[in-house]
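Colleague: Here is what each chain is made of, one letter per residue.
2 protein chains.
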Amino acid sequence: MNRDDAIALDHADPLAGLREQFNLPEGLIYLDGNSLGVLPRSTAARVQQVVTQEWGEGLIRSWNSAGWIDMPRRLGDKIARLVGVGPGELVVADSTSVNLFKVLSAALTMVRADAPGRTTIISERSNFPTDLYIAQALAAQQGFELLLAEPDELPALLDERSALLMLTHVNYRTGRMHDMAALSKSAHDAGALVVWDLAHSAGAVPVDLSRDGADFAVGCGYKYLNGGPGAPAFVWAHPRHAGRFWQPLAGWMGHAAPFEFTPGYKPAEGISRYLCGTPPVLSMAALDCGVDTVLAAEPLGGMVALRSKSLALTRLFADRVAATCPQLRRVSPQDDARRGSQVCFAHDEIGYPVMQALIARGVIGDFRAPDVLRFGFTPLYVRFVDAWDAAEHLREVLVSSEWQRPEFNRRHAVT
Amino acid sequence: MNRDDAIALDHADPLAGLREQFNLPEGLIYLDGNSLGVLPRSTAARVQQVVTQEWGEGLIRSWNSAGWIDMPRRLGDKIARLVGVGPGELVVADSTSVNLFKVLSAALTMVRADAPGRTTIISERSNFPTDLYIAQALAAQQGFELLLAEPDELPALLDERSALLMLTHVNYRTGRMHDMAALSKSAHDAGALVVWDLAHSAGAVPVDLSRDGADFAVGCGYKYLNGGPGAPAFVWAHPRHAGRFWQPLAGWMGHAAPFEFTPGYKPAEGISRYLCGTPPVLSMAALDCGVDTVLAAEPLGGMVALRSKSLALTRLFADRVAATCPQLRRVSPQDDARRGSQVCFAHDEIGYPVMQALIARGVIGDFRAPDVLRFGFTPLYVRFVDAWDAAEHLREVLVSSEWQRPEFNRRHAVT
Chain G
1 MNRDDAIALD HADPLAGLRE QFNLPEGLIY LDGNSLGVLP RSTAARVQQV
51 VTQEWGEGLI RSWNSAGWID MPRRLGDKIA RLVGVGPGEL VVADSTSVNL
101 FKVLSAALTM VRADAPGRTT IISERSNFPT DLYIAQALAA QQGFELLLAE
151 PDELPALLDE RSALLMLTHV NYRTGRMHDM AALSKSAHDA GALVVWDLAH
201 SAGAVPVDLS RDGADFAVGC GYKYLNGGPG APAFVWAHPR HAGRFWQPLA
251 GWMGHAAPFE FTPGYKPAEG ISRYLCGTPP VLSMAALDCG VDTVLAAEPL
301 GGMVALRSKS LALTRLFADR VAATCPQLRR VSPQDDARRG SQVCFAHDEI
351 GYPVMQALIA RGVIGDFRAP DVLRFGFTPL YVRFVDAWDA AEHLREVLVS
401 SEWQRPEFNR RHAVT
Chain A
1 MNRDDAIALD HADPLAGLRE QFNLPEGLIY LDGNSLGVLP RSTAARVQQV
51 VTQEWGEGLI RSWNSAGWID MPRRLGDKIA RLVGVGPGEL VVADSTSVNL
101 FKVLSAALTM VRADAPGRTT IISERSNFPT DLYIAQALAA QQGFELLLAE
151 PDELPALLDE RSALLMLTHV NYRTGRMHDM AALSKSAHDA GALVVWDLAH
201 SAGAVPVDLS RDGADFAVGC GYKYLNGGPG APAFVWAHPR HAGRFWQPLA
251 GWMGHAAPFE FTPGYKPAEG ISRYLCGTPP VLSMAALDCG VDTVLAAEPL
301 GGMVALRSKS LALTRLFADR VAATCPQLRR VSPQDDARRG SQVCFAHDEI
351 GYPVMQALIA RGVIGDFRAP DVLRFGFTPL YVRFVDAWDA AEHLREVLVS
401 SEWQRPEFNR RHAVT
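Those protein sequence lines, which keep their order, are chains G and A. Residue numbers for the first sequence follow my numbering, beginning at 1 and rising by one. Residue numbers for the second sequence follow my numbering, beginning at 1 and rising by one.
Since the hints were made in silico from the structure, they are not lab data. Beta carbons are placed, not taken as given, at the ideal position from N, Cα and C, and that holds for glycine. Take the hints with a grain of salt, since some may be wrong.
[Claimed, not checked] If you anchor each label on the Cβ, the simulated ranges turn out as follows:
#1 A45/A to A156/G: 50 to 60 Å
#2 G117/A to G302/G: 28 to 38 Å
#3 G243/G to D348/A: 45 to 55 Å
#4 P25/G to D336/A: 50 to 60 Å
#5 E298/G to Q53/A: 53 to 63 Å
#6 A257/G to E57/A: 38 to 48 Å
#7 G301/A to A256/G: 57 to 67 Å
#8 N64/G to A45/A: 26 to 36 Å
#9 P299/G to E57/A: 27 to 37 Å
#10 P25/G to A45/A: 13 to 23 Å
#11 A323/A to N64/G: 53 to 63 Å
[To be verified] Chain A residues, not near chain G, derived (Cβ > 12 Å throughout):
#12 A181
#13 T324
#14 R395
#15 L398
[Unchecked claim] Just so you have them, the derived chain A footprint on chain G, three or more residues with Cβ under 8 Å:
#16 23-37
#17 91-98
#18 152-161
#19 255-263
#20 269-283
#21 366-378
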């Protein structure tokens, strides 16, 4: 295979036109959509409309007239289509961290009521830190024990002491994807509940929460959903738990009737009880545009088609880097079934400056301490030729002394 | 006094020019800045810059190059100037409800460690519902008792069983303002901590949290700070509690070193530990513009000058309505020292349709169930002639059959 073959793949790609939905800076190869998705073309005008017309002209009236009050549910219904759940089951609210707190709080409360002897929360040692931090905080506060293990060791930890299995579907550092159906079944067979964090899955890989037995899920709006920096997150609870998934972030927007202003809390039926404060309208408008860029793939085969392209992209890049960059250690799985939409390589010493040198060349990935070079492939806008060229840039940086430049060795606050 | 006198007051008003900072729809009298502040002129361009340049062009690099990562602290330092606390003491994050959960959790944890016999949380019966709901949830979960009372009964409830006094400084329904210094002292004298919600105070009345003995405070970005619908909120803890104010929303952005991605949670020193998930950049950019509209008053006397105008506006409106609308019952205090920046009147039966009729005339206030007509006066952009005209419209609606129209009696989702 050569560069022309990559170009030919782009010409033959039925999803190629979806890239037109985005404002991609000229000359940039953007492989960081798993950290911050690219700006959709529709977002600027939509946000401007919300600011100048809905807020500026409509003012407080827009809560009704522009439908602001229903945005968390309306947008939730769109995201529901991407993760295999029904309308009315999922809402957009707060951050992934805050939503994780809600579902963990609810799950632990349910377990304590149903099976007080179950006291362990099981997760992956290299789960995204915020997930572990929130779980640690709740475990410490409520008398549970957090057990961390490597992915393959997880099923063995599930036993009669298990309250909860909490996993991120696709690992942020390695790109390894869990088998949601198998692990959910293992958890349920052991009598435990299961919580899935879809931060690196929603919009990136097909997800079917209902079919695959999840109890709760949260996910992120600013990665593959292209919702913009710090976009709000989403949260889902299985309808079989309806009425039971109480949690203490009992804000007024989760009340059964917020505008009756009653002093006693009465949670809304269903997932609306996971709303808390006043929803962030500007951020939700941007997220709405981002989600639409993913839904635009539906007539072309939807998440299945996107997944197929994503796997082809990550395979091309990973194989090429493995062949041309012997200095690097492959971190992400070679098995398609176990790889998310990203490729990671490690270097014990120079991962950070190599990534800075790549970024300076216009190939944007990111570095994840202590040693990972991370490359996300959003099939909506990344081309096969981008994957080819990125691998070539990486090879060139590694064989040159480019990465040794002082400016590439200076640490930034955000890596 | 007549309408010309009101116009003369506007001509003589040294703050009159501040109104030019806003995009006010032609012909509208907007008395709902205590629910959603007006759009500043600077916001649309600033948000557009963040969307198209910082996000669109800079992409992930803008966390460093555009300073996104420090926005919660930078913006917090600006708000700090409005509430009498120092730089580095306050951050912008999440919603008021979520922040209230953080400070109540922290305060209850501190009390349990220091004085385990203290088990009551004291608040006002007509406090804003979200405050009561969050307190109820935490009280139920952690074995505390929530005691609610009328404002004048609060000091008598403070005793050796008191853990916490939690109050909203200016009541959302009545506009009554508590004496922060006196009540904080009463709480401390009884050995309790005190939490202040500044939702209807920040940018509306002078606040000096440090001088007046507060332990914790939260506040809202979308009311008098003009941050836009659902703008993020702020949170403060007194530095005397440094290192102690732990809370279980232990998200990665509150970690001492988020980008080291360590599996164990180590909270940041100081108020940064109250950050949780990834900060909402678009919403914070809008809030930044809103806060600047209040800071623009600093050379003209700042919050003291704004307060003086606010009192004159509310006095004019309240006196005029009291004189011309005998059908209404005055709810907000006549005493300047006890009145926030709003005026409320009640009607047992027709409050809702009267407000709808007023809104249809272009005089925008809001209705708060079960019986309150609420009018907020943001001195940055409300004129004396607006106060005069609004009172006249209210009189006309009440003496006509206008409010009886079916469309004014149909309830909206948001009132």
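Colleague: Now look at each hint and say whether the structure bears it out.
Modeller: Outcome of the hint check:
{"no.": "1", "hint": "A45/A to A156/G: 50 to 60 Å", "in the structure": "holds (57 Å)"}
{"no.": "2", "hint": "G117/A to G302/G: 28 to 38 Å", "in the structure": "violated (60 Å)"}
{"no.": "3", "hint": "G243/G to D348/A: 45 to 55 Å", "in the structure": "violated (35 Å)"}
{"no.": "4", "hint": "P25/G to D336/A: 50 to 60 Å", "in the structure": "holds (56 Å)"}
{"no.": "5", "hint": "E298/G to Q53/A: 53 to 63 Å", "in the structure": "violated (31 Å)"}
{"no.": "6", "hint": "A257/G to E57/A: 38 to 48 Å", "in the structure": "holds (45 Å)"}
{"no.": "7", "hint": "G301/A to A256/G: 57 to 67 Å", "in the structure": "violated (45 Å)"}
{"no.": "8", "hint": "N64/G to A45/A: 26 to 36 Å", "in the structure": "holds (28 Å)"}
{"no.": "9", "hint": "P299/G to E57/A: 27 to 37 Å", "in the structure": "holds (30 Å)"}
{"no.": "10", "hint": "P25/G to A45/A: 13 to 23 Å", "in the structure": "holds (21 Å)"}
{"no.": "11", "hint": "A323/A to N64/G: 53 to 63 Å", "in the structure": "violated (33 Å)"}
{"no.": "12", "hint": "A181", "in the structure": "holds (27 Å)"}
{"no.": "13", "hint": "T324", "in the structure": "holds (25 Å)"}
{"no.": "14", "hint": "R395", "in the structure": "holds (23 Å)"}
{"no.": "15", "hint": "L398", "in the structure": "holds (22 Å)"}
{"no.": "16", "hint": "23-37", "in the structure": "holds (count 7)"}
{"no.": "17", "hint": "91-98", "in the structure": "holds (count 5)"}
{"no.": "18", "hint": "152-161", "in the structure": "violated (count 0)"}
{"no.": "19", "hint": "255-263", "in the structure": "holds (count 7)"}
{"no.": "20", "hint": "269-283", "in the structure": "holds (count 8)"}
{"no.": "21", "hint": "366-378", "in the structure": "holds (count 3)"}
The structure does not agree with the numbered hints 2, 3, 5, 7, 11 and 18 stated previously, though it agrees with the rest.
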